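Student: Given the coordinates of chain R, assemble chain W onto it according to the supplied hints.
Chains as they are written, first to last, in numbering that gives the first Met the number 0: chain R, 0 to 381; chain W, 0 to 148.
The hints are simulated quantities; they were obtained by calculation from the structure and are not laboratory data.
Fair warning: this is a prediction, and the values are worked out from it, not measured in the lab.
Backbone N, C-alpha and C define an ideal beta-carbon position, used for all residues, glycine too.
Warning: the hint list may mix true and false statements.
The calculated lysine-lysine pairs, modelled on DSSO-like cross-linking and capped at a C-alpha distance of 27 Å, are [claimed, not checked]:
#: 1; chain 1: W; residue 1: LYS44; chain 2: R; residue 2: LYS274
#: 2; chain 1: R; residue 1: LYS38; chain 2: R; residue 2: LYS118
#: 3; chain 1: W; residue 1: LYS109; chain 2: R; residue 2: LYS273
#: 4; chain 1: R; residue 1: LYS352; chain 2: W; residue 2: LYS44
#: 5; chain 1: R; residue 1: LYS282; chain 2: W; residue 2: LYS109
#: 6; chain 1: W; residue 1: LYS49; chain 2: W; residue 2: LYS89
#: 7; chain 1: W; residue 1: LYS89; chain 2: W; residue 2: LYS8
#: 8; chain 1: W; residue 1: LYS2; chain 2: W; residue 2: LYS18
#: 9; chain 1: W; residue 1: LYS18; chain 2: W; residue 2: LYS8
So the derived label-pair ranges between C-beta atoms look like this [unchecked claim]:
#: 10; chain 1: W; residue 1: ALA24; chain 2: R; residue 2: ASN315; range: 29 to 35 Å
#: 11; chain 1: W; residue 1: PRO34; chain 2: R; residue 2: ASP281; range: 44 to 50 Å
#: 12; chain 1: R; residue 1: MET255; chain 2: W; residue 2: SER62; range: 44 to 50 Å
#: 13; chain 1: W; residue 1: ASP136; chain 2: R; residue 2: LYS273; range: 35 to 41 Å
#: 14; chain 1: R; residue 1: ASN268; chain 2: W; residue 2: GLN52; range: 37 to 43 Å
#: 15; chain 1: R; residue 1: ALA254; chain 2: W; residue 2: SER99; range: 36 to 42 Å
#: 16; chain 1: W; residue 1: ASP54; chain 2: R; residue 2: ASP281; range: 33 to 39 Å
#: 17; chain 1: W; residue 1: ASN105; chain 2: R; residue 2: LYS273; range: 16 to 22 Å
#: 18; chain 1: W; residue 1: GLY129; chain 2: R; residue 2: ALA254; range: 31 to 37 Å
From the derived model, a few chain W residues whose C-beta atoms are all more than 12 Å from chain R [to be verified]:
#: 19; residue: LYS1
#: 20; residue: VAL9
#: 21; residue: ILE41
#: 22; residue: SER56
#: 23; residue: GLY63
#: 24; residue: PHE74
#: 25; residue: VAL110
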Amino acid sequence: MVQSNHNNDALRLSAEGREVKVVNGYIIIQHVPYVNTSKEVCYGKFAVQIQQVQNGMIPDHTALFSGSQPCDHRGVPIDMTIEPNANVSIDLEVFNLKFSRKPQTGYKSNYDQLIMYLKILSEQAERIDPLATSITNKSIEYIDDDAFVYYDFNACKANITTISDKLRNQKIGIIGLGGTGSYLLDFISKTPVKEIHLVDGDRFYQNNAFRAPGAASYDEFASQNFKVDRYAQIYSQIHKNIYTYPIYIDENTIAMLDTLDFVFISIDNGIARKKITQYLSDKGLSFIDTGMNVDVVRNSLRGAIRTSYVTREQPNELQNIPTDDFTDNVYNSNIQIAELNALNAVLAVIRWKRHYQFYVNNDIELQIVYNIDYDQITNANA
Amino acid sequence: MKKEVFKFKVDSNIFESEKSVISGAEMKSIAGLSPDITIYQILDKKAGIKIIQNDSSVDLSVSGVEKFGVIIQNFSCTLKLNSSDIQWNKQYISYDEVVSLVYGTNEVLKVSITYSHGPETNPNGNLLIGEIILVKDFIRITADGTVKS
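The following block holds chain W by itself, in its conformation from the complex:
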């Protein structure tokens, strides 16, 4: 009987794992990537990404868990944040990082964040608490404490 293998894609390359649940480090090893490289999982419904740490556990048997990418190092872009230009040096940005940029605090504030003109992985949508999106030059991001009536 043929042994079941679990396929996954990192950028455009397809790999196989004999185990359904593997760590981030194992995934990088299979894909021939250095442990220092950061990889991410592309979430369903164009809802952004999830950073996979070396010790993160990934269940490849779960439907939708199959597409991954490599974070580009030395990345730089301009964010259109609340209609002002901001230089940003990472290929991704989290909800907390947007809050920190706009409100100058590391507190967890509940605000309404939207984005558009994003990369194919997450072209547009609402960035919710705990979520991360990939960015590209001139991605439009708005963050507002929508509490007035």
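Bound-form chain R, shown alone:
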């Protein structure tokens, strides 16, 4: 079954007149009537993780609640709270309670799950105020701001959506879609960033296929599409907001970078690298520059992969970023291997995620170098 970005359970709840939001992998229902310990009717909010049905039921039957302890009509607490201090933040709202109430057959859908929890609370509220209901039929707030075409069950299942949220509102730029840039896109497209902007004036040729994620078909080479268009077409299958610029960055176009939150640079041209990195640094924009060198020694390959990290607070690495083209040097080669491009992208994406505290960020590595010769990573720290 094709999973659309429109959640059918949320749509159904919304169509029934409830105030529904789909945010960060959760379905949230607002205006949920319940009874507090003072036997007053109050209104709270439910949130449940959007889940994939497995073996006929959803795996997580719990629900989060924003409000005080719900009671029956006599003011006696309803015994289903398993975490009184859950305090999960979703969409600037703190859900303080976690409930557990599971029918023997489990829940077949998020819809069934939410209707059950709504019923448990609203039935008690209706005994005090017959007009208490979650159905308001007013300004239905069905919102789905997810960047993905289909839901990120991976993050939901691992319960790390609040951590992934740290990346959510970013506008990311990838300059250069060669081997490293294409792997950067592969990884970044699987994060909930708001927008991904691809910049490259080159076209996709047969040699590119051997340094790109996935497998290109032979027919693709005849069309000689711009790399940005080719990759946008593929990755728009998972990420909604990919923008393409089939150009090279120069004096006339560089200002397009001003609106980005974070930029990845994966280009071969030293002069362009110098201009772009200097520009971004002058603007106080955070960026990661990637690059590698591979050459031949005793009929084997050796070399290194570099990831340079520059921010407004830590601008020092700018002076170490290579901007020479090494055109007249015996060490100048254009040997690049897919796994080295992929590793360069991996190191860059991990550094970026550490910047935003997705991963713990204890040290500030400004320059990360993996050398092939000794299978070793060394860092230059702030």
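Tutor: What follows is chain W alone, placed relative to chain R:
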């Protein structure tokens, strides 16, 4: 009132200076070393060394400025440079010297240099522009113009 003195260590010997800021020549004099001897300061965070010239000014009051060493004369070792053996006749090597060895130029090229299996002062790390490290036999050094993507 007791006058403040500034302690510093050259190799394993501890010395004192009444002045917080002294020259390299003064430091050698206090340590009983010939002016012809080359000394170095051991930098924090195992980030290599700084050569102290006779006319260099050293502020001993600055935190972390206290450990120094004497460069061994007639030193010789084998560097594993980009996986090839290179004979080297100094106890230290600078960023510029690595670039010169690998690229055969005295131009200031921006390259990525790493080292490992180094002496205790700088066992491993990245050698950046302007930096110097101590070397020992079979220290592993790589230098690459990492510009391809």
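Student: Against this structure, judge whether each hint is valid.
Tutor: Checked hints:
no., hint, verdict
1, W:LYS44 <-> R:LYS274, "violated (32 Å)"
2, R:LYS38 <-> R:LYS118, "holds (17 Å)"
3, W:LYS109 <-> R:LYS273, "holds (11 Å)"
4, R:LYS352 <-> W:LYS44, "holds (25 Å)"
5, R:LYS282 <-> W:LYS109, "holds (23 Å)"
6, W:LYS49 <-> W:LYS89, "holds (14 Å)"
7, W:LYS89 <-> W:LYS8, "holds (22 Å)"
8, W:LYS2 <-> W:LYS18, "holds (10 Å)"
9, W:LYS18 <-> W:LYS8, "holds (15 Å)"
10, W:ALA24 <-> R:ASN315: 29 to 35 Å, "holds (32 Å)"
11, W:PRO34 <-> R:ASP281: 44 to 50 Å, "holds (46 Å)"
12, R:MET255 <-> W:SER62: 44 to 50 Å, "holds (45 Å)"
13, W:ASP136 <-> R:LYS273: 35 to 41 Å, "holds (38 Å)"
14, R:ASN268 <-> W:GLN52: 37 to 43 Å, "holds (40 Å)"
15, R:ALA254 <-> W:SER99: 36 to 42 Å, "holds (39 Å)"
16, W:ASP54 <-> R:ASP281: 33 to 39 Å, "holds (37 Å)"
17, W:ASN105 <-> R:LYS273: 16 to 22 Å, "holds (21 Å)"
18, W:GLY129 <-> R:ALA254: 31 to 37 Å, "holds (33 Å)"
19, LYS1, "holds (38 Å)"
20, VAL9, "holds (28 Å)"
21, ILE41, "holds (18 Å)"
22, SER56, "holds (24 Å)"
23, GLY63, "holds (15 Å)"
24, PHE74, "holds (24 Å)"
25, VAL110, "violated (6 Å)"
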